[in-house]
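A.B. asks: One-letter residues, chain by chain:
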Amino acid sequence: MADQPSFADDSGEGRQVVPAEPRPGHDEDLEELELGLLTDAVYRRYGLDFRNYARASLRRRVRLAVADEGARTVSGLTEKLLHDPPAMERLLLRLSINVTSLFRDPGFWQSLRKNVIPHLRSNPFVRIWHAGCSTGEEVYSMAILLQEEGLYDRCRIYATDFNEVALQRARDGIVNVDQMQDYSTNYLRGGGLGSLSDYYTANYGHAIFRSSLKKNVIFSQHNLVTDGSFNEFNLILCRNVMIYFNDALQSRVHNLLHASLRRYGYLALGRKESLRGTPHEADYDPVDEGERIFKRPR
Amino acid sequence: MTHDLSPRLIVVGTSMGGLHALSVILGQLGADFALPIAVVQHRGTDGESAMLTSLLQLRCALPVSEANDKEPLVGGHVYLAPPDYHLLVDGGRFALSTEARVQHARPSIDVLFESAADVYAARTLGVVLTGANADGAAGSIRIKRRGGHVVAQDPATAEAPAMPAAAIGTGAVDRVLPLDEIGGFLNVAAFSGR
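Read top to bottom, the protein sequences are chains A and B.
Per this note's numbering, the very first residue in the first sequence carries number 3; after that it's consecutive.
Per this note's numbering, the very first residue in the second sequence carries number 4; after that it's consecutive.
Accuracy of the hints is not assured; some may be wrong.
[To be verified] Under 7 Å between C-beta atoms, here's a sample of chain A residues computed to sit facing chain B:
{"hint": "1", "residue": "Asn242"}
{"hint": "2", "residue": "Glu275"}
{"hint": "3", "residue": "Ser276"}
Calculated directly from the structure, the hints in this document are not laboratory data.
Fair warning: this is a prediction, and the values are worked out from it, not measured in the lab.
Built from N, CA and C at the ideal position, the CB exists for glycine as well.
Looking at chain A on its own, in the form it has when it is part of the complex (with noise of 0.2 Å):
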């Protein structure tokens, strides 16, 4: 099946896998050099980890890094990023913002309404955990479907962030009325029973979230990569953020997310994630296999 995540050469018709050995130059390894010396300068000096982000992304992010600060190299930007921390202030932001949309992936806004919102309206009082909200877009896009559903005042959402700009941002709700029209239609798909204009006012080219949204809603600073548990969960969403971490790191993660969620609790991560070859893999059972929908039955 096409959309199912399948790690293995399964055909079992003994076709060659390709070892997909790379074949780095002399210049791929000095740049590869440079960039852990610069993880390893910025965890030493701000106490910030990025020693465990996902290469290829992180590699891309910090050249992107280089060419806006005029550095002519990775070491280049290191000098700068250790004397110079508003540079570090704008690196942390580049390494941290997720760009994000309201009801991204319609199909998995309207996988939770039909699977997973039934279930969690049998209890009294509802846990959300949103790790990693970076600027908020997946939790407004929560609490308009959760007073959708009428489940908005049972519910504590708790969404987190390591970046504090970013979850500044979060707490503030303010869009970009542009954008508005793109999230109009991801709303509607993602199964949005009113009018998206419901939930904001428009002023001066800006959209301001209606602040009944942010009512149970508690934003906080926590840091997947050094933090532990807070709190047991009913449903904690970690979407398109282990995308951007390494396997050591993803794992941690896995534990930490297993530890929070309560029993009969679900996990949701991003689309295009698994929990192929993750510590807790045998402890989800699919609950919308395609849309990364999972339930912990015990």
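Dock chain B against the given chain A, drawing on the hints supplied.
C.D. replies: Just chain B now, kept in the frame of chain A:
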């Protein structure tokens, strides 16, 4: 070119006209094709996702699927960049990213090509097909810089000539081929890559 062409990974980029072009090319690949193929086709975010995969699978003897994050690259498999993600190569596996669009595109051809060149260097074979903008041109330059090879579809055979023409214009294209010769070329290239 062919005497030193022994790729380990083929990366393909296309936009307008891509469905037809990919159907032709993938339809010509031998069932024993031994290399992984990663494809970026510019696509909207609106959930017609499974359809592209199904349509191409109909024409292709090799398994066709959307790449998942951290999925290993397996020879003889065609991987499509999923909508609204950038597709990168990270060692012997794929990596996804939701970063900003590049030239209005996500997935971006340049992002894939550059990432492939980082990891596979001279063992990268880039293929630039029909398309309406210049995505892939910068990526082609990067592949060449790392010692890899680039093939472009002859713009005269392309529904939208701008994309292959832009790549050709950079001087980074080793060979220009009409659409119906690309599949055969890849079969030969994959054989020498074993």
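A.B. asks: Are any of the numbered hints broken by this structure? If so, which, sorted upward?
C.D. replies: Violated: none.
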